[in-house]
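Protein chains: 2
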Amino acid sequence: MPLLAGVDQVEAVHKPSLDPLFRLLASDLECVNRLILERMQSPVALIPQLAGHIIASGGKRLRPMLTLGCARLCGYEGTRHVALAAAVEFIHTATLLHDDVVDASDLRRGRDTANALWGNKPAILVGDFLFSRSFELMVADGSLRILEILSRASSVIAEGEVLQLMTQNNLQTTEASYLEVIQAKTAELFAAASRIGAVVAERPPREETALDRFGRDLGTAFQLVDDMLDFSARQTELGKCIGDDFRDGKVTLPILLSFSRGNDEERIFWRRALEEMDQRAGDLDRAIALMAQHGALAETLVRARGYAANAIDALSVFPDGPERRALVEAASFATERTV
Amino acid sequence: MPLLAGVDQVEAVHKPSLDPLFRLLASDLECVNRLILERMQSPVALIPQLAGHIIASGGKRLRPMLTLGCARLCGYEGTRHVALAAAVEFIHTATLLHDDVVDASDLRRGRDTANALWGNKPAILVGDFLFSRSFELMVADGSLRILEILSRASSVIAEGEVLQLMTQNNLQTTEASYLEVIQAKTAELFAAASRIGAVVAERPPREETALDRFGRDLGTAFQLVDDMLDFSARQTELGKCIGDDFRDGKVTLPILLSFSRGNDEERIFWRRALEEMDQRAGDLDRAIALMAQHGALAETLVRARGYAANAIDALSVFPDGPERRALVEAASFATERTV
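If you're matching them up, the sequences are chains A and S in order.
All residue numbers for the first sequence refer to our numbering, where the first residue is 1 and numbers rise by one.
All residue numbers for the second sequence refer to our numbering, where the first residue is 1001 and numbers rise by one.
Treat the hints as calculated values from the structure; they're not laboratory data.
Each hint should be verified, as a subset may be incorrect.
Derived, one-sided and incomplete: chain S residues facing chain A with beta-carbon distance under 7 Å [what the hints assert, rightly or not]: (1) Val-1044; (2) Leu-1046; (3) Gln-1049; (4) Ser-1105; (5) Leu-1125; (6) Asp-1128; (7) Phe-1129; (8) Ser-1132; (9) Phe-1135; (10) Leu-1147; (11) Ser-1155; (12) Glu-1161; (13) Leu-1165; (14) Ile-1312; (15) Asp-1313; (16) Val-1317.
When the alpha-carbon atoms are kept at most 20 Å apart in a straight line, the in silico SDA-like pairs for lysine to any residue are as follows [stated by the list, open to error]: (17) A:Lys-121 - S:Asp-1244; (18) S:Lys-1015 - S:Lys-1060; (19) A:Lys-121 - S:Ala-1116; (20) A:Lys-121 - S:Ser-1332; (21) A:Lys-121 - S:Gln-1168.
DEER-style ranges, computed between Cβ atoms [said to hold, decoys possible]: (22) A:Ala-140 - S:Asp-1264: 37 to 47 Å; (23) S:Gly-1078 - A:Leu-117: 24 to 34 Å; (24) A:Gln-279 - S:Ala-1289: 33 to 43 Å.
We put the CB at the ideal spot given by N, CA and C, even for glycine.
Using the sequences and the hints, build the whole thing.
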């Protein structure tokens, strides 16, 4: 399987990673993990079992790290950011549980999904439970402003997920619609998670807006790369099957670019595979070959790097320091990652 | 199909109804309906379509009426109760959408369910959207106390729904577990909807507690009757199929009572039909006949009437007047209804 076929391999001396951010936030993150474990408990035993499975399954904790890191960047020295980061992760986990049911996914991060192990019913209901718990955490924190930001983000995420259903199997989808979907389903929570770092630190609107911009562009870059990796990642590393989106008939940017740059015969192929969902042996390989031929993955990565660069720019209102450097590196990681 | 087989028919001169409460709250309820229509809008067209289908499908609006009625009972003269009643209805509607997916139901109130019409995916996601919208409404209202009550209620509802899955197909379920399920999945929201009427009116804890008790016991009575009507309602009136719970293998009180009062041969029947889910032609009729023989529906109704009487008692801390009389009649309606 070609790795980033058609993409120039950057032989950077220093490969950007999330490690500096992890190191900086290690003790905060430990508190977040402890609180998550505590707040997912319930006398109904299946709830912590199922929630524990997905929460412990090796996610990057990127969204709660944004809340923690942005709060620190804003000079926050209290402890409220811990509960807020946990609330953000609960919202994210709830959407993952529902996504996996909606997509009928069997694998996530290399492990069986909750719906594969326990069925759709508890996966839906435990998602609802975690979503409610998230609001309980925010209410206990007591900031109406933060509740406003995160309840709004939750609505937008759900709208994005429904919009994604509408674009599925539809090659008439415009790039603008595709962007709308990923900005709603992914970037909105990145933006909210980052913005509340400034709110909890009681920083002026200018810094709130900068962090919103940072999170939004980072989230967009992150999702663009996710959609690219679906056709190029090393299977074992990404922990999901290559071509999942293709098999679901999801119309992502690499497909839109290949479709619009393709000839009539290629378009017949794309329509058969993604609109009529008549997929045959060798179709995924052909899709990947067409993407290489039209530079669709490379172009997707270029766009992602553009968003990541904007995200980094947005941080310029903050003074240089270990927090800013770690967040900048996280933004670079978002587009240079292979998993 | 026998109507309330085994239950003494009460030939009351005055049949209790929700009409007095409806009349009292008519203009408030119109504001609630308008706000619901407004707040279920989204640029994603499928969202108002699907949400409109379930919201307009002739539900009794019982929960928002509790919020409105209890606020009025507490002498509240403002307008905040309208948005809070809409928030309560959105929570309820979100849980209905997810319930119908979980139960794979085709009919609700005599109409196709959203999942039957549009599939499970949008039904799950629009449920998430309405749930988020509910919190947006509460945040706009601005009471952390009310957010606390309703976010807690949402968690408890989800716990109750998961617990219900555990009791499904399980005739070892105790009456205590059954009660725990219905108090979590149904009575909790009735309690919260009623309680916030006192909170919005800024009444003392004694009245808050009284309304919580009222809602909780009313909700328990309501669900007991619902579970009884699944074996006795007139199909067209209830708008769902008789025996839905039976076909789902749900272990409700009429079944628990018949099972525990039955002989060995009957227990073999119940185990085959509900645990092994090996259901045959005539099984539902036999189940209903056994319930009549053991007085299980009558006993369920007696319990429901006990809860309804306690609900009515809880209102005694409030002065007599049209609001209290309408709420008392609503509690009587809960157990005397046939739909």
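Evaluation of the provided hints:
1. Val-1044: holds (5 Å)
2. Leu-1046: holds (6 Å)
3. Gln-1049: This hint is violated: Gln-1049 (chain S) lies away from chain A, its Cβ roughly 10 Å from the closest one there, beyond 7 Å.
4. Ser-1105: violated (12 Å)
5. Leu-1125: holds (5 Å)
6. Asp-1128: Holds, about 4 Å.
7. Phe-1129: holds (4 Å)
8. Ser-1132: It holds, given that the least Cβ distance between Ser-1132 (chain S) and chain A is near 4 Å, below 7 Å.
9. Phe-1135: This interface hint holds because 4 Å falls under the 7 Å limit.
10. Leu-1147: holds (5 Å)
11. Ser-1155: Holds, because the Cβ-Cβ distance from Ser-1155 (chain S) to chain A comes to roughly 4 Å (cut-off 7 Å).
12. Glu-1161: The hint holds - Glu-1161 (chain S) has a Cβ within 7 Å of chain A, the shortest such distance being about 5 Å.
13. Leu-1165: holds (6 Å)
14. Ile-1312: Result: violated, 30 Å to nearest chain A Cβ.
15. Asp-1313: It is violated, given that the least Cβ distance between Asp-1313 (chain S) and chain A is near 29 Å, above 7 Å.
16. Val-1317: violated (28 Å)
17. A:Lys-121 - S:Asp-1244: holds (17 Å)
18. S:Lys-1015 - S:Lys-1060: The hint holds at about 17 Å.
19. A:Lys-121 - S:Ala-1116: At roughly 16 Å apart (the allowed maximum being 20 Å), Ala-1116 (chain S) and Lys-121 (chain A) satisfy the hint.
20. A:Lys-121 - S:Ser-1332: violated (34 Å)
21. A:Lys-121 - S:Gln-1168: holds (12 Å)
22. A:Ala-140 - S:Asp-1264: 37 to 47 Å: At 52 Å between Cβs, range violated.
23. S:Gly-1078 - A:Leu-117: 24 to 34 Å: violated (49 Å)
24. A:Gln-279 - S:Ala-1289: 33 to 43 Å: violated (52 Å)
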